[in-house]
Amino acid sequence: MSEPDRRRRVVVITGAGGALGAAISHRLAGEPETDLVLSDLAEPSLRATVDGLPEPSSVATAMADVGDFDQVRSVVELAVERYGHLDVAIANAGVLAPSGRIHNLATEDWERAFRTNVMGAVNLIRSAVPAMRQQAGGSIVLTASVSGLTAWSHAAPYCATKAAVIQLAKVAAVEYARDGIRVNCVCPGTFLSAIHEGLPAEALDAIASRHPLGLGSADDLVGAYSYLAGPDSRWTTGSALVVDGGYSAP
Amino acid sequence: MTGQIEIPETFPGPGDLGGKRVVLTGASRGLGEVLAHAFSRAGARVALVARTEPDLKGVASTLPGPSLVLAGDVTDEDFNEQVADATVAEWGGVDVWICNAGISPVVGGPRQTDASVWRRILEVNLTGSFLGARAASRVMDDGGRIIFTGSVLGERPRRGLAAYSASKAGLTGMAKGLALDLAPLGITVNVVAPGWFDSPLADAWKRHPELAASITGHTAQERWGSSADLAGAYQFLASDASAFITGSVVNVDGGYLLV
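Note that the protein sequences, when read in sequence, are chains A and B.
This note's numbering puts the first residue of the first sequence at 1, with every later residue one more than the last.
This note's numbering puts the first residue of the second sequence at 1, with every later residue one more than the last.
Only chain A is shown next, with the shape it has when bound in the complex (with noise of 0.2 angstroms):
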């Protein structure tokens, strides 16, 4: 067995087959000497990102449902075992839970939306951060949202539940600094994406009002990601960075 190539960068992605996922992926596939694992819950979503990857890239797939821990650390496993080690680790999968007030979501739709979208975020962290201390250092980076920093109406469960990404990446960040790893989150706002498919153009041209800048696209956001995740940020951790067209500013 040849010895893993110490200096090359390994990623590990989750909700790598939705549009924001597939970005990213996009997005640090073509960064220098970076490996990426990629996961997801639906098999074809993740076939198509991959296929949509920069040629040529170093990436490997696993199927996990994240509020899964067992799962969750066998993705980690497969980057370690596969590539040698793992530095950046992004836990983006997500889910919306369905539209209503609260007195109309049942208990499922809460833990639905905590399962995903809150012990997503911890499993990944619970995995990642073994393999980083093994080499003392690491970047984390959560998909939070806008909407854990303002109130969306008639989505109480993914307001919570991206409130509490934030918090979890302010409190991981202050726990593993003394081991390198730093913790931090992106919260986009609403950009395209297939749940947009088939709205009339009225409806989009209302939520694009409320972005100063426009209605954004998932590649609007990447940036933010590949910032978080470099070298560039190395000062930076416990930060929940807001990409949102300006949509929160007023």
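Just to be clear, a hint being listed does not mean it is correct.
Restraint-style ranges between C-beta atoms, simulated for each label pair [to be verified]:
(1) A:P231 with B:Q82: 55 to 63 angstroms
(2) B:G232 with A:M63: 54 to 62 angstroms
(3) B:S248 with A:T236: 27 to 35 angstroms
(4) A:S153 with B:S248: 22 to 30 angstroms
(5) A:P56 with B:S248: 52 to 60 angstroms
(6) A:T236 with B:G160: 26 to 34 angstroms
(7) A:R178 with B:G108: 45 to 53 angstroms
(8) B:F244 with A:D179: 32 to 40 angstroms
(9) A:G223 with B:E210: 28 to 36 angstroms
(10) B:W205 with A:N104: 30 to 38 angstroms
(11) A:R8 with B:G160: 49 to 57 angstroms
(12) B:S248 with A:S209: 31 to 39 angstroms
(13) B:A115 with A:G230: 35 to 43 angstroms
(14) B:S227 with A:G180: 50 to 58 angstroms
Cβ-to-Cβ under 8 angstroms is the rule here; a few derived chain B residues that face chain A [said to hold, decoys possible]:
(15) R156
(16) P157
(17) R158
(18) L258
(19) V259
Everything labelled a hint here was simulated from the structure, so no lab data went into it.
The structure displayed is predicted, hence computed values, not measured ones.
In this text, a Cβ means the ideal position worked out from N, Cα and C, and glycines have one as well.
Assemble chain B onto chain A, guided by the hints.
Just chain B now, kept in the frame of chain A:
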């Protein structure tokens, strides 16, 4: 042994303002005029401060309780000290100093904002409040209350109001700093941050349906605030019930900052 918490014989209520000696700047109109009435009706003695003496006399003549009329400019350091001295001379001290004077011209973007306009807004809203707090801290005893009028725009600005937003955000930082400085003297410093209130100043916004809708749509309660909604926070922070609150911001905004 587990000690039992002490149950006091009486609890101070937020309305206990009888006899309080209150300095109120920006008292000739708008929110200041509302506060003058609210405090006077609650039994406080109110020293009314603003630039225009006839306007202040007009307000004073409608108050049910004792008042002083002190006309001058809050950006003038000596004037603030004179307000403190005049209030002490009349009533023997100052219990509450509300730095409420402020200006909010809509000026546009940075290229439309002359440096002189920027400086004037900061001078009145921020430096004027500092000079008031500075004078207050000289004459206040243990239990003194300094209250700044902030704004939700300090946290969530709107276009064309950068100087105003900066001045109001600055008040929050200043209140926390002064709260630390003045805690050993037993003086508290807090901010009330109003949201959007129905007043003559709001008429320009209400005339444009889109602007008006953008404000009510940003307010969880989906309405403008009324005059009666505002005074309670000031009265609470002025009362003995708030003795252990300092360096805080109380938002009175119908949920504007939530959305």
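Status of the hints after comparison with the structure:
1. A:P231 with B:Q82: 55 to 63 angstroms: The hint (55 to 63 angstroms, Cβ to Cβ) holds, given that A:P231 and B:Q82 are roughly 58 angstroms apart.
2. B:G232 with A:M63: 54 to 62 angstroms: holds (57 angstroms)
3. B:S248 with A:T236: 27 to 35 angstroms: holds (29 angstroms)
4. A:S153 with B:S248: 22 to 30 angstroms: holds (27 angstroms)
5. A:P56 with B:S248: 52 to 60 angstroms: holds (57 angstroms)
6. A:T236 with B:G160: 26 to 34 angstroms: holds (32 angstroms)
7. A:R178 with B:G108: 45 to 53 angstroms: holds (49 angstroms)
8. B:F244 with A:D179: 32 to 40 angstroms: holds (39 angstroms)
9. A:G223 with B:E210: 28 to 36 angstroms: holds (32 angstroms)
10. B:W205 with A:N104: 30 to 38 angstroms: holds (34 angstroms)
11. A:R8 with B:G160: 49 to 57 angstroms: holds (50 angstroms)
12. B:S248 with A:S209: 31 to 39 angstroms: Cβ of B:S248 to Cβ of A:S209: about 35 angstroms, so the range 31 to 39 angstroms holds.
13. B:A115 with A:G230: 35 to 43 angstroms: holds (39 angstroms)
14. B:S227 with A:G180: 50 to 58 angstroms: Taking Cβ atoms as reference, B:S227 and A:G180 lie about 56 angstroms apart, which means the hint holds.
15. R156: This interface hint holds because 6 angstroms falls under the 8 angstroms limit.
16. P157: holds (7 angstroms)
17. R158: It holds, given that the least Cβ distance between B:R158 and chain A is near 5 angstroms, below 8 angstroms.
18. L258: It holds, given that the least Cβ distance between B:L258 and chain A is near 4 angstroms, below 8 angstroms.
19. V259: holds (6 angstroms)
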